[in-house]
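K.L.:
With these hints in hand, go ahead and build the complete structure from the sequences.
One-letter residues, chain by chain:
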Amino acid sequence: MSARERILAAVKNSQPEHTPLPDIAFLKEPVLASKEQFATIVQAIGATIFFVKDITEVKEILQEKFQQLPRKITSIAALAGIADVNWIAADPHSLENVDLAILDARLGVCENGAVWLTENEMVQRVTPFIADSLAIVLTADKLVATMHAAYEVIGDSQYGFASFIAGPSKTADIEQSLVLGAHGPRNMFIFLIH
Amino acid sequence: MKETAASFIAKSTIKANDLEHRRKINFNISRYNAVVPQGKQQFADVMQAREHAKNIKWRAIETLDQQLEEFELQITKRGAKVIWAEDAQQALDEIGKICAEKNCKTVVKSKSMVTEEVHLNHYLESKGIESIETDLGEYIQQLDEEPPYHIVTPAMHKSKEDVAKLFTEKLGTQPGLTPEQLTLVARQKLREKYIQAEVGVTGANFIIADIGGVAVTENEGNARLSTAFPKTHIVIVGIEKVIPSLTDLSLFWPLLATYGTGQKVTVYNTVLSGPKQPGETDGPEEMYVILLDNGRTNLLKNPQTREALYCIRCGACLNACPVYKNIGGHAYGTTYSGPIGSVITPHLRGLNEYKHLSYASSLCGNCTEVCPVRINLHELLLENRHEAVVEGDSSLSERIAWKAWRQASMNRKMMNAGNGKLKNWVVNKVFKGWTTYRSELNFSQKTFNEMWQEKNK
Ligand code: SF4
Numbered sequence: 000m001s002a003r004e005r006i007l008a009a010v011k012n013s014q015p016e017h018t019p020l021p022d023i024a025f026l027k028e029p030v031l032a033s034k035e036q037f038a039t040i041v042q043a044i045g046a047t048i049f050f051v052k053d054i055t056e057v058k059e060i061l062q063e064k065f066q067q068l069p070r071k072i073t074s075i076a077a078l079a080g081i082a083d084v085n086w087i088a089a090d091p092h093s094l095e096n097v098d099l100a101i102l103d104a105r106l107g108v109c110e111n112g113a114v115w116l117t118e119n120e121m122v123q124r125v126t127p128f129i130a131d132s133l134a135i136v137l138t139a140d141k142l143v144a145t146m147h148a149a150y151e152v153i154g155d156s157q158y159g160f161a162s163f164i165a166g167p168s169k170t171a172d173i174e175q176s177l178v179l180g181a182h183g184p185r186n187m188f189i190f191l192i193h
Numbered sequence: 000m001k002e003t004a005a006s007f008i009a010k011s012t013i014k015a016n017d018l019e020h021r022r023k024i025n026f027n028i029s030r031y032n033a034v035v036p037q038g039k040q041q042f043a044d045v046m047q048a049r050e051h052a053k054n055i056k057w058r059a060i061e062t063l064d065q066q067l068e069e070f071e072l073q074i075t076k077r078g079a080k081v082i083w084a085e086d087a088q089q090a091l092d093e094i095g096k097i098c099a100e101k102n103c104k105t106v107v108k109s110k111s112m113v114t115e116e117v118h119l120n121h122y123l124e125s126k127g128i129e130s131i132e133t134d135l136g137e138y139i140q141q142l143d144e145e146p147p148y149h150i151v152t153p154a155m156h157k158s159k160e161d162v163a164k165l166f167t168e169k170l171g172t173q174p175g176l177t178p179e180q181l182t183l184v185a186r187q188k189l190r191e192k193y194i195q196a197e198v199g200v201t202g203a204n205f206i207i208a209d210i211g212g213v214a215v216t217e218n219e220g221n222a223r224l225s226t227a228f229p230k231t232h233i234v235i236v237g238i239e240k241v242i243p244s245l246t247d248l249s250l251f252w253p254l255l256a257t258y259g260t261g262q263k264v265t266v267y268n269t270v271l272s273g274p275k276q277p278g279e280t281d282g283p284e285e286m287y288v289i290l291l292d293n294g295r296t297n298l299l300k301n302p303q304t305r306e307a308l309y310c311i312r313c314g315a316c317l318n319a320c321p322v323y324k325n326i327g328g329h330a331y332g333t334t335y336s337g338p339i340g341s342v343i344t345p346h347l348r349g350l351n352e353y354k355h356l357s358y359a360s361s362l363c364g365n366c367t368e369v370c371p372v373r374i375n376l377h378e379l380l381l382e383n384r385h386e387a388v389v390e391g392d393s394s395l396s397e398r399i400a401w402k403a404w405r406q407a408s409m410n411r412k413m414m415n416a417g418n419g420k421l422k423n424w425v426v427n428k429v430f431k432g433w434t435t436y437r438s439e440l441n442f443s444q445k446t447f448n449e450m451w452q453e454k455n456k
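For the record, the sequence lines run as chains A and B. Be aware that the first sequence starts at 0, since it is given in numbering that gives the first Met the number 0, and climbs by one per residue. Be aware that the second sequence starts at 0, since it is given in numbering that gives the first Met the number 0, and climbs by one per residue.
Hint data in this document are derived by calculation from the structure and do not stem from the laboratory. Every value quoted in this text rests on a predicted model; they were computed, and no experiment measured them. Where a beta carbon is used, it is the ideal one built from N, C-alpha and C, also for glycine. It is possible that part of the hints are untrue.
[Said to hold, decoys possible] Across the chosen pairs, the derived CB separations fall in these ranges:
#1 B:Lys104 / A:Ser93: 42 to 50 angstroms
#2 A:Pro19 / B:Asn301: 20 to 28 angstroms
#3 A:Glu4 / B:His385: 28 to 36 angstroms
#4 A:Lys34 / B:Ala33: 28 to 36 angstroms
P.N.:
Given below as structure tokens:
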């Protein structure tokens, strides 16, 4: 018998009888997504939010505020003029010195400020984690109220790698005092198109 | 007395009297206590969320064999390899084999208690492989050559001054750096390592049966980097970590964040379900998932202690425990400390060697009160005591003492014999153990019988 068979047999022999679970109505009343709530929470977890009306305005802000950053990359075709778009097939190690990565997100969660990115949006798995700063472009119709609602949207799709990202990287490992910028991005910006 | 028990008593006696240690722990735990209520605000009804989480784990454990097979089937479809390990040695041998195949010189590791459980760093070192902890807390502990002090915040017993001093000694940094500066130093040191390492090792907070996914949560970003750069990714995880469905994460992630660190949600919550797919330029070429038993089926077998497998390792019971707060995480001498450690270690590593931990409790029940998945921790401690006695693991002198006590208390004549002074002397002086940690016992000068007769005169 292999280790696999032995463990599975041990599990099977030790498992309890099937019992009906106590019935618990868990879900709260449906709540509506609110971009104000999203903005408040995003700021509370250390990110910066810009309300914009379209991608052109994103472009303007990027030009105005982030021009001095030497290496910017993006997966958004419309931003090709301001950031590099030719990194899609680059060796991931070469992304080590990226100052700003500008990516789309699939959805945003109002109750906790997290945005959901799959491999498609990241392009390379390492992108949103290695860049010094991360900027996310999100349209307001992709906001959902709760984590629960988020899972109803993403629950049945297939992906190899996907992540909720909530604010810049942080640590509180030294005396529980919060430091932004542990290993991942030190800043996070969200452009909310509404 | 067993050596493990003697060492536990010696270490905890010293720590309990270390006021500086107590100050640091109380300070750090008070910061945790201050933020947890904020995290809880996200639940319309926290109690219901917890009951619901317990039910999900209950169902998962009840159908554990099917859940594990489903997980294996699904993740294998996407190209990951699943390895089953009955004990620590098997897991280490498998990791050793993979590393040898990949000609691995450097491993980057993100925080994982299971790798502590199997002593992975020690093993890799013995094979001449450098193993680098990348979580800041773990990195600090590794520099100091100490095991983690706490399952969530590994360096909880160090003040910022302690960490600054450690960095100066080991890394030659300027003395007196702030937490920001120290974090930056670690960030720079570790960046090089992610790029160098051939293999990345992580644990898993959950494994998801229906989609065949591995869920990892963290704040720093180190686990992301450990799984993105190295060509090989090894996940090592206990078989009890399974949850049935991806959608269950909508409950478990917020619960773990709130009870672990008082956040609503941690910064990075990632689901990995396989290595790099054809057409992707990035991600590990190979992904292995090691499913570890290492005594967990013992816990499952026992209907009383089975629910300890629901644990999501949030650390809340440690922070709530008056014993933990006084003796600290290292006195236990086990990988998992605090109430949950005292409950599971005897079953994972031998009742006889670790039954003394069942007494490292005031039975105040605060652990049960705070546990997000509602494990009856303090009752499980009682259960362990009971089992130790039933299995005859109690010491001879203990058995004799209880026998004498039973005889005496069932026999009126013996209860009446001797006056209070004599009884005081017997308990306080003959059984010296009584007064080591307690004030002296004072028997009434009159026996119950005498008082009863006086009253009814
Ligand atoms: S037993 Fe409960 S409180 Fe303790 S670590 Fe596990 S889940 Fe958290």
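K.L.:
Now, for every hint given, state plainly whether the structure supports it.
P.N.:
Status of each hint after checking the structure:
no.	hint	result
1	B:Lys104 / A:Ser93: 42 to 50 angstroms	violated, 22 angstroms
2	A:Pro19 / B:Asn301: 20 to 28 angstroms	holds, 22 angstroms
3	A:Glu4 / B:His385: 28 to 36 angstroms	holds, 33 angstroms
4	A:Lys34 / B:Ala33: 28 to 36 angstroms	holds, 29 angstroms
Against the hints set out earlier in the document, a violation occurs for number 1 only.
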